[in-house]
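A.B. asks: All chains should be built: construct the whole structure from the sequences, respecting the hints.
Mapping of the sequence shown onto the UniProt record's numbering: position 80 corresponds to residue 80, and the numbering continues sequentially without gaps.
Possibly wrong hints are sitting among the right ones.
[To be verified] In silico SDA-like pairs for lysine to any residue, Cα to Cα no more than 25 Å straight-line:
#1 K332 <-> R97
#2 K219 <-> V164
#3 K21 <-> E337
#4 K332 <-> V101
#5 K21 <-> K219
#6 K194 <-> G171
#7 K285 <-> K327
#8 K332 <-> K142
#9 K175 <-> E114
#10 K332 <-> V164
#11 K77 <-> T32
#12 K77 <-> A93
#13 K327 <-> P4
#14 K219 <-> L150
#15 K194 <-> A245
#16 K175 <-> R193
#17 K285 <-> T86
#18 K187 <-> R211
#19 K175 <-> R211
#20 K332 <-> Y31
#21 K285 <-> D90
#22 K187 <-> Q161
#23 K175 <-> G210
#24 K77 <-> L27
#25 K327 <-> Y38
#26 K285 <-> A106
#27 K142 <-> E162
FYI, nobody ran anything at the bench for these hints, they're computed from the structure.
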Amino acid sequence: MAPPSSPTDHHIVALQADFIKIPEFQLPAPYTCTTTLYGQTSLSELHERIHDASILVLSALRVDAEALSPEVTPYLKLIVIVAAGTDCVDLEACRTRDILVSNCPAANTEAVSEHAIGLYFSTRRRVLRAHTLTRAGEWPRKKTLVFDCLNHDGTHPLTCQEEVAGIIGNGAVGKRIAQLARGLGMKVIIAERKQRGDASAPIRSDNEQGRVAFDAVIKQSTVLFIAVPLAPSTRNLLSTAEFEAMSPHAVLVNVSRGGVVDEEALVRALQRNQITGAATDVFAKEPAGPENSPLLAEGTEDLNLVLTPHLAWATQQTLVNYERLLKETVEKWLVGEFMNVVT
Numbered sequence: 001m002a003p004p005s006s007p008t009d010h011h012i013v014a015l016q017a018d019f020i021k022i023p024e025f026q027l028p029a030p031y032t033c034t035t036t037l038y039g040q041t042s043l044s045e046l047h048e049r050i051h052d053a054s055i056l057v058l059s060a061l062r063v064d065a066e067a068l069s070p071e072v073t074p075y076l077k078l079i080v081i082v083a084a085g086t087d088c089v090d091l092e093a094c095r096t097r098d099i100l101v102s103n104c105p106a107a108n109t110e111a112v113s114e115h116a117i118g119l120y121f122s123t124r125r126r127v128l129r130a131h132t133l134t135r136a137g138e139w140p141r142k143k144t145l146v147f148d149c150l151n152h153d154g155t156h157p158l159t160c161q162e163e164v165a166g167i168i169g170n171g172a173v174g175k176r177i178a179q180l181a182r183g184l185g186m187k188v189i190i191a192e193r194k195q196r197g198d199a200s201a202p203i204r205s206d207n208e209q210g211r212v213a214f215d216a217v218i219k220q221s222t223v224l225f226i227a228v229p230l231a232p233s234t235r236n237l238l239s240t241a242e243f244e245a246m247s248p249h250a251v252l253v254n255v256s257r258g259g260v261v262d263e264e265a266l267v268r269a270l271q272r273n274q275i276t277g278a279a280t281d282v283f284a285k286e287p288a289g290p291e292n293s294p295l296l297a298e299g300t301e302d303l304n305l306v307l308t309p310h311l312a313w314a315t316q317q318t319l320v321n322y323e324r325l326l327k328e329t330v331e332k333w334l335v336g337e338f339m340n341v342v343t
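C.D. replies: What follows is the structure in structure tokens.
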């Protein structure tokens with residue numbers, strides 16, 4: 001790949017094309033482009049692959065300040081993150097060099113929200129444990145598996161009509177999860193930003209009196225959905241203090257970013273039966289394995305902990321939405337129209 005030959009010539013480099021359908025760009029005159037696709041990219045390959053790019057397309061690959069230095073990316077003008085989260089790119093480094101960063105918000109709202117509800121049911125009803133025991137032939141041996149799938153205190157699961165669903169994060173995904181939860185019969189409360197609050201305050205309906213103090217949502221929820229972006233203010237948003245304050249019947253579902261939940265504190269809370277269960281699609285370090293994630297470490301196998309490998313977004317409609325937004329973002333940027341600007 002050669003560097004751009006003129007200001008109207010662009011090199012588009014897609015670093016994770018296995019996960020993103022790259023469209024045919026229709027550029028207005030006098031602009032031209034060449035497109036280079038890499039199915040997946042390791043960090044060791046990153047600098048060489050992005051050196052001649054003027055437009056960079058990625059979904060979740062870490063691009064740090066060094067990669068964004070003039071020495072590594074001398075021609076870079078635009079980064080399109082084909083995802084909602086932007087924590088993978090050093091935005092301050094982009095600001096310093098006037099590199100525009102855009103993302104694709106709301107493209108995966110339906111997919112992620114539905115996955116969150118699926119994780120809730122899997123955890124609340126101990127679906128994976130029931131499946132494993134049934135496949136192992138334990139049903140005829142024990143005559144019943146009902147007692148193997150009870151809560152840690154020996155009680156049966158709650159129904160949706162008994163649930164108080166706390167929503168932390170009131171963006172597109174949080175709002176959609178709230179709609180789905182209401183449709184299932186849950187009472188929904190939307191958390192304010194984390195601050196000192198009165199956890200003894202009465203439950204207020206989100207569509208009547210607005211949002212509820214963060215501490216009150218933590219204490220009063222029986223299922224807690226996490227749908228906030230990862231930022232300095234949300235890192236370890238839920239840790240030891242929050243788990244100690246939660247209902248012992250509570251189930252936690254995280255479809256935001258792994259760093260929002262303190263993973264070691266979550267494992268301790270499950271081991272100590274402070275909460276009933278948890279499910280996550282995201283991890284502090286990805287790809288996650290026993291060597292780098294407390295959630296997969298030895299001793300966690302029997303916890304009521306449902307794990308999926310960051311694939312809540314992966315539906316046909318999400319890919320259609322991503323392709324459309326990527327195409328529109330690049331083509332409009334060339335004529336001075338900026339979409340979904342992050343920085």
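A.B. asks: Please go over all the hints and tell whether each is borne out by the structure.
C.D. replies: Cross-check of the supplied hints:
1. K332 <-> R97: With a Cα-Cα distance of about 21 Å, the restraint between K332 and R97 holds, given a limit of 25 Å.
2. K219 <-> V164: 10 Å, holds
3. K21 <-> E337: With a Cα-Cα distance of about 23 Å, the restraint between K21 and E337 holds, given a limit of 25 Å.
4. K332 <-> V101: 13 Å, holds
5. K21 <-> K219: Distance of about 43 Å is beyond 25 Å: violated.
6. K194 <-> G171: It holds: about 15 Å lies between the C-alpha atoms, which stays within 25 Å.
7. K285 <-> K327: 30 Å, violated
8. K332 <-> K142: Measuring from Cα to Cα gives roughly 64 Å; hence the hint is violated.
9. K175 <-> E114: Cα-Cα ~12 Å, so holds.
10. K332 <-> V164: Given pair K332, V164 is violated - Cα atoms ~44 Å apart, limit 25 Å.
11. K77 <-> T32: This hinted pair holds, its Cα atoms lying about 15 Å apart.
12. K77 <-> A93: 12 Å, holds
13. K327 <-> P4: 20 Å, holds
14. K219 <-> L150: 22 Å, holds
15. K194 <-> A245: Given pair K194, A245 holds - Cα atoms ~14 Å apart, limit 25 Å.
16. K175 <-> R193: The hint holds at about 15 Å.
17. K285 <-> T86: 16 Å, holds
18. K187 <-> R211: Cα-Cα ~13 Å, so holds.
19. K175 <-> R211: 12 Å, holds
20. K332 <-> Y31: 12 Å, holds
21. K285 <-> D90: It holds: about 17 Å lies between the C-alpha atoms, which stays within 25 Å.
22. K187 <-> Q161: 8 Å, holds
23. K175 <-> G210: 13 Å, holds
24. K77 <-> L27: 16 Å, holds
25. K327 <-> Y38: 18 Å, holds
26. K285 <-> A106: 24 Å, holds
27. K142 <-> E162: 30 Å, violated
Taken one by one, the earlier hints fail for this structure at numbers 5, 7, 8, 10, 27, listed in ascending order.
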